[in-house]
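Residues per chain are reported as follows:
There are 2 protein chains.
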Amino acid sequence: MSKPSLPQGTRDFGATVVRKRNFIFNTIRSVFELYGFQPLETPAMENMETLMGKYGEEGDKLIFKILNNGLDNQDKLEKTKAGFDKIMEGKNSTAITEKALRYDLTIPFARYVAMNHGQLTFPFKRYQVQPVWRADRPQRGRYREFYQCDADVVGSKSLINEVELTNIYSTVFSKLNIPVEIHLNNRKVLAALAEVCGGTDKLVDITIAIDKLDKIGIDKVKEELIQRGLTETQVNQIAAYLNISGSNTERLQQVNALVGNTENGRKGVEELQFIVDYIAAQPGVQPNIVLDFTLARGLNYYTGTIYEIKALNVQMGSIGGGGRYDDLTGLFGVPNLPGVGISFGVDRIYDVMEELQLFPEEVQTGTQVLFFNLGEAESKKAFELMQQLRSNGIRCELFHEQTKFDKQFKYAEKKNIPYAIILGSTELQQQTCVVRNLVSGEQTTIQQTELLQQQF
Amino acid sequence: MSKPSLPQGTRDFGATVVRKRNFIFNTIRSVFELYGFQPLETPAMENMETLMGKYGEEGDKLIFKILNNGLDNQDKLEKTKAGFDKIMEGKNSTAITEKALRYDLTIPFARYVAMNHGQLTFPFKRYQVQPVWRADRPQRGRYREFYQCDADVVGSKSLINEVELTNIYSTVFSKLNIPVEIHLNNRKVLAALAEVCGGTDKLVDITIAIDKLDKIGIDKVKEELIQRGLTETQVNQIAAYLNISGSNTERLQQVNALVGNTENGRKGVEELQFIVDYIAAQPGVQPNIVLDFTLARGLNYYTGTIYEIKALNVQMGSIGGGGRYDDLTGLFGVPNLPGVGISFGVDRIYDVMEELQLFPEEVQTGTQVLFFNLGEAESKKAFELMQQLRSNGIRCELFHEQTKFDKQFKYAEKKNIPYAIILGSTELQQQTCVVRNLVSGEQTTIQQTELLQQQF
Numbered sequence: 001m002s003k004p005s006l007p008q009g010t011r012d013f014g015a016t017v018v019r020k021r022n023f024i025f026n027t028i029r030s031v032f033e034l035y036g037f038q039p040l041e042t043p044a045m046e047n048m049e050t051l052m053g054k055y056g057e058e059g060d061k062l063i064f065k066i067l068n069n070g071l072d073n074q075d076k077l078e079k080t081k082a083g084f085d086k087i088m089e090g091k092n093s094t095a096i097t098e099k100a101l102r103y104d105l106t107i108p109f110a111r112y113v114a115m116n117h118g119q120l121t122f123p124f125k126r127y128q129v130q131p132v133w134r135a136d137r138p139q140r141g142r143y144r145e146f147y148q149c150d151a152d153v154v155g156s157k158s159l160i161n162e163v164e165l166t167n168i169y170s171t172v173f174s175k176l177n178i179p180v181e182i183h184l185n186n187r188k189v190l191a192a193l194a195e196v197c198g199g200t201d202k203l204v205d206i207t208i209a210i211d212k213l214d215k216i217g218i219d220k221v222k223e224e225l226i227q228r229g230l231t232e233t234q235v236n237q238i239a240a241y242l243n244i245s246g247s248n249t250e251r252l253q254q255v256n257a258l259v260g261n262t263e264n265g266r267k268g269v270e271e272l273q274f275i276v277d278y279i280a281a282q283p284g285v286q287p288n289i290v291l292d293f294t295l296a297r298g299l300n301y302y303t304g305t306i307y308e309i310k311a312l313n314v315q316m317g318s319i320g321g322g323g324r325y326d327d328l329t330g331l332f333g334v335p336n337l338p339g340v341g342i343s344f345g346v347d348r349i350y351d352v353m354e355e356l357q358l359f360p361e362e363v364q365t366g367t368q369v370l371f372f373n374l375g376e377a378e379s380k381k382a383f384e385l386m387q388q389l390r391s392n393g394i395r396c397e398l399f400h401e402q403t404k405f406d407k408q409f410k411y412a413e414k415k416n417i418p419y420a421i422i423l424g425s426t427e428l429q430q431q432t433c434v435v436r437n438l439v440s441g442e443q444t445t446i447q448q449t450e451l452l453q454q455q456f
Numbered sequence: 001m002s003k004p005s006l007p008q009g010t011r012d013f014g015a016t017v018v019r020k021r022n023f024i025f026n027t028i029r030s031v032f033e034l035y036g037f038q039p040l041e042t043p044a045m046e047n048m049e050t051l052m053g054k055y056g057e058e059g060d061k062l063i064f065k066i067l068n069n070g071l072d073n074q075d076k077l078e079k080t081k082a083g084f085d086k087i088m089e090g091k092n093s094t095a096i097t098e099k100a101l102r103y104d105l106t107i108p109f110a111r112y113v114a115m116n117h118g119q120l121t122f123p124f125k126r127y128q129v130q131p132v133w134r135a136d137r138p139q140r141g142r143y144r145e146f147y148q149c150d151a152d153v154v155g156s157k158s159l160i161n162e163v164e165l166t167n168i169y170s171t172v173f174s175k176l177n178i179p180v181e182i183h184l185n186n187r188k189v190l191a192a193l194a195e196v197c198g199g200t201d202k203l204v205d206i207t208i209a210i211d212k213l214d215k216i217g218i219d220k221v222k223e224e225l226i227q228r229g230l231t232e233t234q235v236n237q238i239a240a241y242l243n244i245s246g247s248n249t250e251r252l253q254q255v256n257a258l259v260g261n262t263e264n265g266r267k268g269v270e271e272l273q274f275i276v277d278y279i280a281a282q283p284g285v286q287p288n289i290v291l292d293f294t295l296a297r298g299l300n301y302y303t304g305t306i307y308e309i310k311a312l313n314v315q316m317g318s319i320g321g322g323g324r325y326d327d328l329t330g331l332f333g334v335p336n337l338p339g340v341g342i343s344f345g346v347d348r349i350y351d352v353m354e355e356l357q358l359f360p361e362e363v364q365t366g367t368q369v370l371f372f373n374l375g376e377a378e379s380k381k382a383f384e385l386m387q388q389l390r391s392n393g394i395r396c397e398l399f400h401e402q403t404k405f406d407k408q409f410k411y412a413e414k415k416n417i418p419y420a421i422i423l424g425s426t427e428l429q430q431q432t433c434v435v436r437n438l439v440s441g442e443q444t445t446i447q448q449t450e451l452l453q454q455q456f
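Protein chains in written order, with this note's numbering: chain A, 1 to 456; chain B, 1 to 456.
Honestly, the hints are just simulated from the structure, not real lab data. The structure presented is a predicted model; accordingly, all values stated were derived computationally and were not measured. Watch out, some of these pointers could steer you wrong.
If several chains are the same, the list does not tell them apart, and a pair holds so long as it fits within one copy or across any two.
[To be verified] The calculated BS3-like cross-link candidates involving lysine-lysine, where the alpha carbons are at most 25 angstroms apart (straight line), are: (1) K81 - K61; (2) K220 - K202; (3) K61 - K79; (4) K222 - K202; (5) K267 - K157; (6) K310 - K175; (7) K20 - K381; (8) K54 - K3; (9) K3 - K267; (10) K157 - K404; (11) K157 - K381; (12) K381 - K415; (13) K157 - K407.
Modelling step: build the complete structure from the supplied sequences, incorporating the hints.
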């Protein structure tokens with residue numbers, strides 16, 4: 001018998017971690033609901049054809065495939081062998097694997113919308129909080145099973161959706177007490193920049209170089225742009241673009257001066273202006289928006305607004321991101337469904353909250369009261385009192401057997417239980433009990449009838 | 001492009017269903033917490049050696065195995081081919097699959113306890129609510145992905161645990177408003193019956209026949225027992241056992257008369273007596289316990305108390321079950337950890353609640369208020385009011401674009417939104433808004449400043 005172990009890159013979550021993670025999940029879920037988003041859950045397994053070819057060649061390799069069942073069925077063996085031979089030749093084959101584990105929440109969402117679009121109410125606002133699986137090489141902070149936490153609106157081009165999603169980010173992080181900057185840009189502005197400097201075919205080169213600004217600095221970015229075939233004039237224009245600074249209003253003016261003479265540039269600036277103005281007019285605490293024209297969000301399917309969230313006071317990559325896209329479900333035969341969505345990086349949010357010690361104390365408390373077990377008659381009375389506390393919603397336990405004080409105290413301590421109720425023969429006789437605060441060490445003797453009025 | 005579809009036996013859960021399911025899950029979780037149980041989450045994937053051989057030969061076949069990644073890596077292909085050849089010969093091979101999807105929550109729990117027993121506090125009380133996957137042939141009410149919902153205490157022989165678990169069942173179903181009978185038996189009583197009638201080697205035969213009583217009736221059970229080699233005298237003793245009836249106290253007396261003269265019988269009756277007495281002494285509503293000596297719970301690893309839950313007023317198999325076992329982690333090299341656990345059948349509980357119409361109305365409400373969009377200035381004011389309501393916790397939406405009344409009403413209706421707030425040019429001017437109850441059709445015009453006092 002070998003020692004049991006976990007698959008590489010996967011984790012068990014014990015009570016404390018589950019409670020803290022649920023605090024994050026529940027905060028995010030409740031804000032999604034506050035903004036009218038509805039929950040969706042899709043199965044862990046999808047058909048291979050739903051997933052393959054959607055994440056690029058590298059992505060395809062990282063999808064966990066499920067071996068068809070019944071490979072031990074002699075009838076199927078030969079078919080399966082043929083399928084395996086196809087895999088040997090570098091081709092996928094459904095004879096050996098028809099299903100795979102979900103790689104993200106977007107494709108299953110698109111598949112769901114495509115399958116059910118006749119029944120859905122548009123704009124369709126859904127949120128989804130479920131694990132995904134990727135055969136990435138495990139490393140610090142990267143797991144093979146991890147949760148994604150997405151909200152999307154599809155079937156609407158209205159920029160009010162962008163305003164709403166900005167507010168969702170702001171509300172969630174304010175509820176979690178994490179100070180953040182909400183970085184906004186618009187893909188149309190980047191496209192306009194490419195138009196202005198070097199032509200639209202240079203968009204990818206420009207985006208890749210810009211994306212590195214944080215890491216390598218402006219001089220190296222310039223070098224790279226030259227290497228990628230841009231002229232010095234063009235590089236200087238891009239440098240001016242990257243140099244945009246000041247308040248959001250000032251930034252919009254500067255970017256408008258650089259790219260506002262193109263159709264894309266004008267529209268991109270207009271859209272950002274709408275979002276910024278709409279939010280500035282709303283009551284209450286203002287979201288901390290930063291118009292960040294260096295923001296690119298990789299080379300994916302975004303076509304309008306893009307988002308990225310940076311936590312302040314802590315060294316950490318982005319803890320959220322998203323953007324607008326023109327077509328969610330075209331790949332599944334349902335065209336013309338534009339939308340916009342955001343995502344929360346729960347593992348990183350967890351790390352930020354641990355580092356800044358932001359988890360509230362009460363999240364970490366399971367059982368609130370331990371009743372000591374000091375004999376048969378005593379424990380029966382304790383049990384009776386416990387049932388009364390429970391019916392008032394207090395989380396209680398009775399120690400499972402009569403044993404030394406010491407052992408019962410240790411149990412309470414290890415389980416982080418804040419109160420003990422001690423009921424020995426004297427207390428039984430006098431119809432009292434001792435309530436001990438295990439954090440402060442204070443204790444008082446009260447009448448058993450007073451217990452329900454006690455604060456825990 | 002083929003029409004997208006779901007893998008056989010899997011389901012998407014839309015908003016209404018997710019909300020109802022969460023109502024069940026949250027009720028169960030909160031009661032588990034009330035009783036001092038702590039959450040645990042384990043990964044979807046386990047190593048093959050953790051799962052294989054734990055569920056019998058049939059079980060092994062129903063485990064979903066995950067194809068190793070990198071089968072397209074030429075270096076690995078030959079190894080993989082060798083592994084596939086082993087599968088062709090009917091042997092499992094880790095060269096092709098090292099990981100598999102969890103088949104239940106008990107084995108991952110045992111694996112977790114075995115890996116971490118040095119750090120855990122015993123008795124260890126954990127609950128776990130996660131999906132499991134089985135390659136069963138899909139049919140009505142049987143899925144390939146479904147949730148299990150378990151609570152176990154390990155490291156304690158105390159029968160107080162049995163009392164607690166009985167109360168958990170009773171509390172959960174009372175909170176869900178499902179009338180149930182909690183059927184209790186004890187494996188030691190069944191063992192004693194076998195001892196008394198035909199010897200311990202007949203335990204399996206007797207159990208299998210008894211298990212069918214509900215379906216085939218007493219006469220057919222007798223026939224089967226004869227076929228299985230029991231004498232008429234023995235069969236008559238078993239028939240007397242199956243005929244036990246009356247109050248729980250009367251039943252205990254009758255069973256004691258039949259099997260109480262064996263060590264097993266005496267202990268089994270004593271244990272049941274303890275549970276029944278302990279519960280009878282507790283305050284509040286009494287759990288509806290039925291001592292059911294025909295209850296067997298298949299041929300699994302239970303050794304003491306066994307539970308099964310029957311919903312009343314509805315035709316449905318058991319909606320929960322569990323029992324005591326002597327050894328959770330022996331298979332993983334950590335012996336002597338006895339425990340007791342229960343499980344809730346969430347899919348069936350859902351069906352019962354649908355049939356008896358037990359889901360509370362409010363569970364089915366997502367967005368509470370829809371603000372109509374009747375123009376640019378109007379919608380900006382509506383947006384402002386909406387943000388105020390949201391900061392009071394009211395779930396709201398603003399319709400995403402200015403359009404006909406009709407369309408906005410239809411959106412509210414389809415999303416089951418109970419209130420609309422209508423703010424046109426008149427209301428904008430007069431600083432009022434119209435609050436319309438979309439269920440009753442009633443509407444009132446109020447000052448915008450009064451909106452926060454409104455009940456939704």
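Outcome of the hint check:
1. K81 - K61: both (21 angstroms within a copy, 18 angstroms between copies)
2. K220 - K202: within (18 angstroms within a copy, 82 angstroms between copies)
3. K61 - K79: Close inside one copy (23 angstroms) and across copies (18 angstroms); limit 25 angstroms.
4. K222 - K202: within (14 angstroms within a copy, 85 angstroms between copies)
5. K267 - K157: Answer is within; shortest intra-copy Cα gap is 13 angstroms, inter-copy 71 angstroms.
6. K310 - K175: within (16 angstroms within a copy, 43 angstroms between copies)
7. K20 - K381: For K20 and K381, neither the intra-copy (34 angstroms) nor the inter-copy (38 angstroms) Cα distance is at most 25 angstroms.
8. K54 - K3: between (39 angstroms within a copy, 15 angstroms between copies)
9. K3 - K267: The answer is neither: 61 angstroms in one copy and 36 angstroms across copies each exceed 25 angstroms.
10. K157 - K404: Between. Shortest inter-copy distance 17 angstroms satisfies the 25 angstroms Cα cut-off; intra-copy 68 angstroms does not.
11. K157 - K381: For K157 and K381, only the inter-copy Cα distance (21 angstroms) is at most 25 angstroms; the intra-copy one is 65 angstroms.
12. K381 - K415: within (23 angstroms within a copy, 51 angstroms between copies)
13. K157 - K407: between (63 angstroms within a copy, 16 angstroms between copies)
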